[in-house]
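Engineer: Dock chain B against the given chain A, drawing on the hints supplied.
Chains as they are written, first to last, in the UniProt record's numbering: chain A, 1 to 466; chain B, 1 to 466.
Check before you lean on any hint, since a few could be wrong.
Copies of the same chain look alike in the list, so a pair counts if it works inside one copy or between any two.
Restricting the straight-line Cα-Cα distance to at most 30 Å, the calculated cross-link-like pairs of lysine-lysine (DSS-like) are [to be verified]:
1. 238 / 69
2. 399 / 466
3. 344 / 86
4. 70 / 238
5. 80 / 238
6. 466 / 344
7. 103 / 69
8. 238 / 103
9. 466 / 29
10. 188 / 238
In short, the hints are calculated from the structure, not lab data.
2 protein chains.
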Amino acid sequence: MKRFTNAIFSTGIISCLVFATSVSALDEKMHAQLDELKSAAIHSNLSYDIIESLTTEVGPRMVGTPAEKKSVEWAVAKMKSLGFDKVWTEESQAPDWQRGELKVSLLAPFNHNLVALSLGNSVGTDTAPIEAQIAHFRDLDALKAADAQTLKGKIAYVAFAMERRKDGSGYGEAVGARVSGAAVAAEKGAVAFVMRSVGTDSHRFAHTGVMRYKDDSKQIPALALSNPDADLLENALKRNQPVTMGITSTASGTLKETVTIANVIGEFTGSEQPDQVVTLGAHLDSWDVGTGAIDDGIGVGITLAAVNHISTMAQRPKRTIRVILFAAEEIGLLGAKDYVARHKNNMDNHIIGAEWDFGNGTIYKLAPGMGENALVEIRKFAEYLAPMGVEMASTNNAKGQSDMSLLGEAGQPAVNFYPDGSDYFDYHHTENDTLDKVNQEALKINTAIYTTFAWYAANSGVDFRK
Amino acid sequence: MKRFTNAIFSTGIISCLVFATSVSALDEKMHAQLDELKSAAIHSNLSYDIIESLTTEVGPRMVGTPAEKKSVEWAVAKMKSLGFDKVWTEESQAPDWQRGELKVSLLAPFNHNLVALSLGNSVGTDTAPIEAQIAHFRDLDALKAADAQTLKGKIAYVAFAMERRKDGSGYGEAVGARVSGAAVAAEKGAVAFVMRSVGTDSHRFAHTGVMRYKDDSKQIPALALSNPDADLLENALKRNQPVTMGITSTASGTLKETVTIANVIGEFTGSEQPDQVVTLGAHLDSWDVGTGAIDDGIGVGITLAAVNHISTMAQRPKRTIRVILFAAEEIGLLGAKDYVARHKNNMDNHIIGAEWDFGNGTIYKLAPGMGENALVEIRKFAEYLAPMGVEMASTNNAKGQSDMSLLGEAGQPAVNFYPDGSDYFDYHHTENDTLDKVNQEALKINTAIYTTFAWYAANSGVDFRK
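In isolation and in its complexed conformation, chain A is listed as follows (with noise of 0.2 Å):
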């Protein structure tokens, strides 16, 4: 809020600082529309207005639900009452997955029902709960390293507790065992695969998040618990008492029938290169238990709300403003992998980009990912972000973040914006992602950031390839 507010009161002392001294890069027209943008977003709730649209009228919009299909109209329609000009969808298919119902109970030493959730694409205990002894992990290459008879029968238990930073960088040292641990574990005779949720909160939500079987091993139910029913499975497990588990899951494993899904486009036509396209992203799809307001509702505010700012602009931009809501992030970027895949002949036209996919944080770095000679123009829009709080990165090798990760590695270059994600694993694929958790005022300055930016892309006529 501190940050903010001085802000918006030191802007004009500081951009004449940056005038001053790069009078050369933003000339004084591109100073102006822009500062008028940033007060648009400053000033409005639309990005606001519309994750409360999305999480209200929709809500959870899994792969393979009714509401997902219900969203991508929801998308249509928003696209168009907030002035896109074209507006479109790519379908293709992706594997179904049903969640089901799971119950899972500590039966021994001591009799607790516990909160968990069914990993992605798990199978279901078939006709029989289990009930079987845990066997303990410290962590994914504990597992990894045991002996496999000492998992014959036996659940799996992998107990690493991510970290919290700033950078989410925790995530990546503790996805690895939400992904492969209950293949390691079935290879070594385990009848299910348990581990402590991958979330840096302390709350009774437990994380769900996609996970792949191995396709020659045996599949058993993977899933996660929440962080307090871990510590108190690991108090249990601190009475050098047997351990035993109770689990019920009706959770489908992959089906075998595909089921239809669709990236949302909407574009703003470019005035003078409309066939030169900048492309902002974000995924329409969430996970099923919470409303999807952070993951990623808040993409969808930010990139549809940065269209409409622009759109009010008294001059349209010189190149197309595109933006892709991505389908079926969660389960594998696989609308990303249509969209480059449909799009291969066309990518030299993406002049560059940049998703939102992570959450609540105001964005305190540039990370760009471009030709040297652009470097130098991207630094004087990065000098206008400055007095926000914005720095730039020293390095120059983003490839964009999430689904826009896929266009990077087919050649379109980049911006990365880092938003402060301290709390974003607090709430990331739990039944606690929802509005209220959307900090409004972070929404504002960052909705600002992004539609800045575009405007910048779209009108600085910079090659960013160069």
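Structural biologist: Positioned in the frame of chain A, the structure of chain B alone reads:
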């Protein structure tokens, strides 16, 4: 944390000041004994370990459940292991209620599963689910003012949101709707009563708690939504379209057969006036959804640890210290009622009492309820606590908190210790009331305060009635 550190490091200096100004109050010997006990409590994990044991080995312990019976056995064994001389139970009868299963959905204009809990004593939905339109009320008074015709066939919804305050006084303003809202709504023809949870958090946990029907009114299902789900409902209502909700509940209502409950009482016998008892109270029962770490595992931990610390002193206290772990507090102080009925002829021997049933904060105030002469003496003890951040209230009307209030009404002098309760109603009566929420540093300080209080009351020779 800061206050804690200061208290420890400044004890030497400040206690000398106290000693210099109040040499007649706490003599040197008493002062040294209190310091010894304070140090023991501050450097011990015992109260935490007791809570860990209760929540891990027993867990939730709602009246009428097997775990509640197990908690009585646990408490008897724990008291004996901690050095209590006499331990016994006093059984009585309580009404039984079973939560059953609850499913709540928004059906129109949007479809959502909602997080909700039945209120204690609520009936279920009998043979068929309820599907009805929501009638929206700001608060209980607005519901009371409604015309009967407006509620016929509808679900009454009360939106009142509890305020967060240090003294927890927002609870009193909000809880009326929980207790009597369903009775009011039923009289006006409503088919169900739904409210925003009485709680200060914004997590997807509903807060349960007891409700009452009027003897002569129709019994309708009563439930509370989590705060984020209440937000969602209210955002749907803002669309000015009819909002309908579906409720399926197998809650039992109050059952005809009663269940046996038991206060668990333990004493450390006084050396000189064993018939005079200083009472420390907490309640052993909890709601069924969390593990009751905060409500009231902390009270169990503090009071049991206090006696254990006292049992390690070179001499016994002159008066007896009695810990009463009350039964069935959550459904109307039923254990306390039985205690007062059973001990009414020897209440004069109850010298003074204090309860702990307000969670996690550090104590900042001592409020007396005693004879005017005794006030001078308790002020000396309050001065001893002053370096730990405790002020003495200017009033003298404390009757005891929670269960202990009934002993206060029956004539027992009281001290009420007030902790910072700002976060108490984040966890109160939710699934999220678990061990990890316990503030271990505050717990040590509060244990030190209760331990020194019990010692002071048992050894000062003060008649707190005079």
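Engineer: Look at each hint and say if it fits the structure.
Structural biologist: Hint by hint, here is what the structure shows:
Proximity of residue 238 and residue 69 under a CA criterion of 30 Å is satisfied inter-copy only: 24 Å between copies versus 47 Å inside one chain copy. Taking the shortest Cα distances, residue 399 and residue 466 sit within 30 Å of each other inside one copy (15 Å), while across copies they are farther apart (79 Å). For the homomeric pair residue 344 and residue 86, the shortest alpha-carbon distance inside one copy (20 Å) is at most 30 Å, but the shortest distance between copies (82 Å) is not. In the homo-oligomer, the alpha carbons of residue 70 and residue 238 lie at most 30 Å apart only across protomers (21 Å), although the nearest pairing inside one protomer, at 48 Å, exceeds that limit.
For a Cα distance limit of 30 Å, the shortest separation of residue 80 from residue 238 across copies, 23 Å, qualifies, whereas the shortest one inside one copy, 58 Å, does not. In this assembly of identical chains, the alpha carbons of residue 466 and residue 344 lie at most 30 Å apart only when taken from the same copy (20 Å versus 90 Å across copies). Taking identical chains as interchangeable, the C-alpha atoms of residue 103 and residue 69 lie at most 30 Å apart whether they share a chain (29 Å) or sit on different chains (24 Å). In this assembly of identical chains, residue 238 and residue 103 lie within 30 Å of each other by CA distance solely inside one copy; the values are 24 Å within and 36 Å between copies.
For the homomeric pair residue 466 and residue 29, the shortest alpha-carbon distance inside one copy (24 Å) is at most 30 Å, but the shortest distance between copies (83 Å) is not. In this homomeric assembly, residue 188 and residue 238 come within 30 Å of each other (Cα to Cα) only inside a single copy, at 24 Å, whereas the closest approach across copies is 55 Å.
In terms of the numbered hints stated before, the structure departs from none.
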